[in-house]
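Going line by line, the protein sequences match chains D and Z.
Residue numbering for the first sequence is 1 to 154, as defined by our numbering.
Residue numbering for the second sequence is 1 to 87, as defined by our numbering.
Don't read these hints as lab results, they were simulated from the structure.
Any given hint could turn out to be false.
Coverage of chain D stretches by chain Z, computed from C-beta distances (three or more under 8 Å per stretch; other residues unrestricted) [stated by the list, open to error]:
| id | stretch |
| --- | --- |
| 1 | 22 to 28 |
| 2 | 41 to 55 |
| 3 | 110 to 121 |
The list that follows gives simulated cross-link-like pairs (lysine to aspartate or glutamate, EDC-like), each with its CA atoms no further than 16 Å apart [claimed, not checked]:
| id | chain 1 | residue 1 | chain 2 | residue 2 |
| --- | --- | --- | --- | --- |
| 4 | Z | K12 | D | D40 |
| 5 | D | K117 | D | E137 |
| 6 | D | K125 | Z | E19 |
| 7 | Z | K12 | D | E137 |
| 8 | Z | K12 | Z | E27 |
| 9 | D | K117 | D | E9 |
| 10 | D | K125 | D | E54 |
| 11 | D | K117 | D | E50 |
| 12 | Z | K12 | Z | E77 |
Where a beta carbon is used, it is the ideal one built from N, C-alpha and C, also for glycine.
As a plain string of letters, each chain reads:
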Amino acid sequence: MTLFEITPEPLSADAVIARLADPANGAVVTFVGVVRGETDGRAVRYLEYEAYPEMAEETLRQVGREVQERWPTIREVAIHHRVGRLEVGETAVVIALSAAHRPEMFDALHYAIDRLKEIVLIWKKEVWADGIEWRSESGSPMPGSFPYLDTESH
Amino acid sequence: MTGNAEISVRVKFFAAPREAVGAGQLERTVPAGTTVEELIRCLTEEYPILRAYTRFLSVAVNRAYVGMQTELHDGDEVACLPPVGGG
Numbered sequence: 001m002t003l004f005e006i007t008p009e010p011l012s013a014d015a016v017i018a019r020l021a022d023p024a025n026g027a028v029v030t031f032v033g034v035v036r037g038e039t040d041g042r043a044v045r046y047l048e049y050e051a052y053p054e055m056a057e058e059t060l061r062q063v064g065r066e067v068q069e070r071w072p073t074i075r076e077v078a079i080h081h082r083v084g085r086l087e088v089g090e091t092a093v094v095i096a097l098s099a100a101h102r103p104e105m106f107d108a109l110h111y112a113i114d115r116l117k118e119i120v121l122i123w124k125k126e127v128w129a130d131g132i133e134w135r136s137e138s139g140s141p142m143p144g145s146f147p148y149l150d151t152e153s154h
Numbered sequence: 001m002t003g004n005a006e007i008s009v010r011v012k013f014f015a016a017p018r019e020a021v022g023a024g025q026l027e028r029t030v031p032a033g034t035t036v037e038e039l040i041r042c043l044t045e046e047y048p049i050l051r052a053y054t055r056f057l058s059v060a061v062n063r064a065y066v067g068m069q070t071e072l073h074d075g076d077e078v079a080c081l082p083p084v085g086g087g
């Protein structure tokens, strides 16, 4: 039973929720992040996620520890993140939290996704019809984010 | 102990710098006592395109973040980590 996982396999929110099953739970909240078909007005063809798996799973566990330190009423945290090529509409990440009662769970969930984007060692390449970008939440686009000749379509 | 001992390190790249270098992993032999900063400087001489990324990079040695003045040891895994973008 793995609460924190980086996987190339398709994700299922139900499978992640099942990891938290416990009669002491009264509530489970989940966040499901899916691949959106456009960014900044440009059509996305697909995304490629890449991880440093040996450190990324540890940083996922760190997010879980921080959530439980800040909100001790959270009983369990599970986070699964997919890597590899993802098409529009596919699930990239599932975060699930369990607790006896619902207060604070939404704040904790919000913290978990924000923190994941900050510290988890996963990178995302957006591939559009006319270019690519390695995208980070930290703001400034990295070098390498430039239109390029799309050889696949020739 | 000799003054000119050498150590071997494994360097890992991810995302845009990985594509720029054209490899996810390199093996390099450097003098004992080489720091992270000196290793990165050697690599940017070998791959000038890396200069565009160095100010964005954090570095982890053996899976823990370190400062640029950290001395490297034989067998170290040095990961060059650009800003993350999961979720």
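To see whether the hints hold, each was checked on the structure:
With a threshold of 8 Å between beta carbons, the proposed coverage of the stretch 22 to 28 of chain D by chain Z is violated, since 0 of its residues qualify and at least three are required. As drawn, the stretch 41 to 55 of chain D meets chain Z at 6 residues by the rule of a beta-carbon pair under 8 Å; at three or more, the given contact holds. Only residues whose beta carbon comes within less than 8 Å of a beta carbon in chain Z count, and the stretch 110 to 121 of chain D has 7; three or more means the coverage holds. Note on Z/K12 and D/D40: the hinted pairing is violated, with a Cα-Cα distance of about 31 Å set against a maximum of 16 Å.
This hinted pair checks out: D/K117 and D/E137 have alpha carbons roughly 7 Å apart, not beyond 16 Å. Between D/K125 and Z/E19 the alpha-carbon distance is near 11 Å, which keeps this suggested pair within the 16 Å criterion. With a C-alpha separation of about 22 Å, the suggested pairing of Z/K12 with D/E137 is violated against the 16 Å cut-off. Distance hint between Z/K12 and Z/E27 is fulfilled; the C-alpha atoms sit about 9 Å from each other, no more than 16 Å.
With a C-alpha separation of about 20 Å, the suggested pair D/K117 and D/E9 falls outside the 16 Å cut-off, and the hint is violated. The hinted pair formed by D/K125 and D/E54 fails the criterion: a straight-line CA distance of about 20 Å is larger than 16 Å. Note on D/K117 and D/E50: the hinted pairing holds, with a Cα-Cα distance of about 14 Å set against a maximum of 16 Å. Of the pairs offered as hints, the one joining Z/K12 and Z/E77 holds, with about 7 Å between alpha carbons and a cut-off of 16 Å not exceeded.
Checked against the numbered hints above, the structure breaks hints 1, 4, 7, 9, 10 and satisfies the rest.
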